[in-house]
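**Q** Residue numbers (the working numbering), protein chains in the order written: chain A, 21 to 297; chain B, 592 to 870.
Check the hints yourself; a few may be wrong.
[Stated by the list, open to error] Below, computed lysine-lysine pairings styled on BS3-like, alpha-carbon distance capped at 30 Å:
no., chain 1, residue 1, chain 2, residue 2
1, B, K752, A, K191
2, B, K754, A, K191
3, B, K829, B, K752
4, B, K829, A, K110
These aren't lab readings, by the way, just hints derived from the structure by calculation.
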Amino acid sequence: MRLNETPVLRVKNLIVRYGDGCPACQENLDKNRCALCGAIWAANDISLDVYPGETLGIVGESGSGKTTLMRSLYFDFTPTSGVATLRDHKDGQENIWGASAAERRMIRNIHMGMVYQNPALGLRMDYSAAANIAEKILAAGGRNAGQMTGRARELLEAVEIMTSRMGETPKNFSGGMRQRVQISKALANSPALLLLDEVTTGLDLSVQARVLDLIRKIKARHGISILLVSHDLAVVRMLADRTIVMLDGKIVESGLTDQILEDPRHAYTQQLVHSLI
Amino acid sequence: MNKNYNFAFLDEGSKREIRRASLKAVAIPGYQVPFGSRELPIGRGWGTGGIQLTLSLIGPDDVLKVIDQGSDESVNAVNIKKFVGLCADVKTTTDTREATLIQTRHRIPEIPMTNDQILVLQIPIPEPLRVVEASEEATKRMHAEKDYAPIWLELYESLVKYKRIAIATEYPCMVEERHVMNPGPIPKFDNPKLHDAECLCLFGAGREKKIYAVPPHTKVVSLAFDDVPFERESFAGKRCRLCGSAHTYLDETFDALTGEKVYQCSDTSYCKEARGQCV
Ligand SMILES: Nc1ncnc2c1ncn2[C@@H]1O[C@H](COP(=O)(O)OP(=O)(O)OP(=O)(O)O)[C@@H](O)[C@H]1O
Ligand SMILES: [Mg+2]
Ligand SMILES: [Zn+2]
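Isolated chain A (complex conformation) (with noise of 0.2 Å):
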């Protein structure tokens, strides 16, 4: 973690309003809705930093903005307001939220790599592991087969799965071997910017615990920064250096990550460090 270089991301103001909203809508907020007209505010002013090969973890709730916040990163959709600047493109002085569409593509595919909680909206099921993760390598303009296909080995091999079923499509596959799929597909360009979205929600426990030490070894190995959501809170104290902790679409508290188990502030995070022991 090199908290003293230029952040690899920054998010400024992030604000995912569904409604119109009113003028009186942050006075009368019942949890992220607004108790006068109805908008819900899924994420509420949110601002972070992502530095260098550090991994930020974000825990809360469900419901509390957590995908929100990831999926707006990944260009799934424009936010209402807000700005994210990636220190890999123009020197992170423009809103890639205001980027084109094709510059979009660009950050997208070759900056970041993303694991959805879902794997059906990361991964194409009726393509083989080896084309799934090859979109990404075309995506970026790759126009070599034989690379692609070495790539696709080197990766699968990386995420411990047999290269001889590389052919096969994902739907063939185990929950566990689908997330270590979509990892791979991630960092088919090797990005700068890995985020994680309940990579382990779901899988038995054997299967969260290799998933979990992959990542470990990612880190270790690509000093890659990792942004990781979680609603669990054991899954974040293993992985993440800094942690921020989410409600109702807001940011309650952060701070790095032991501190935040061994001397949290907010009623609500105290009460997910409870529910840890």
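For chain A, the structure is supplied; the task is to place chain B with the ligands on it using the hints.
**A** Using the frame of chain A, we list chain B with the ligands on its own:
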């Protein structure tokens, strides 16, 4: 000629609209131009896009050739020729060289066409990206943004599955480095004939209401990987049983008597000419 019809069946307004769409298509090679496809006394799916192009282009001095699967004599070809003959009263031919306008389904003639000829191709599905994306709105956006990764993915997946690109017809090509285009149900054997051609090629899809074009001397490159070049069908070691040609697209049939596989030119008028027969 039946005087109850306007020359070439369509009214002049319709012809002008089709010509305008054709001109736009020529101006943006490989781009699919929408047009108001007319009703014809022929079912859609029977080449009505091609027929409308032909009817909008044909004049009294034209000489028309119509082929289907390379043959001048198939039912579809004969009927289209008859229909156009009935309402435009033009000369028809089977000779590729003599024709000024050739309408075709499934083949491009073996004899290279010249700058004073036009080739009209009948197209069932104009959208090259339809195989990877069902929504028209999405494919339009993909063309606009030149987002062709999904079609490349399809080609790559074919390599994974079959160790080669197993697409025999409608093999996608890049036109002038801008638009990916569906050359239609021609065998990929014919794709290279579109590149830097002397003649104007017009593609008409009646049911889907699209016209597109490859003007003369346009760059048309069949999609292929840097390390896996485009390959046409190979008929290595085989010859036409009738004319002996070894460089044409061959149809495979079975000899009824011996049960053996035999080959013959799919382009029947070319084959006749090669045998020194009158076409
Ligand atoms: N299309 C939508 N329309 C209205 N509200 C939405 C929409 N999408 C998400 N939301 C709301 O936004 C809020 C944040 O959802 P989000 O998926 O980001 O939560 P999360 O923290 O990822 O939860 P989980 O832990 O369950 O995955 C929720 O209240 C959700 O109901
Ligand atoms: Mg979520
Ligand atoms: Zn409100």
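**Q** Evaluate each hint against the coordinates.
**A** Tested hints:
no.	hint	verdict
1	B:K752 / A:K191	holds (16 Å)
2	B:K754 / A:K191	holds (21 Å)
3	B:K829 / B:K752	holds (28 Å)
4	B:K829 / A:K110	violated (58 Å)
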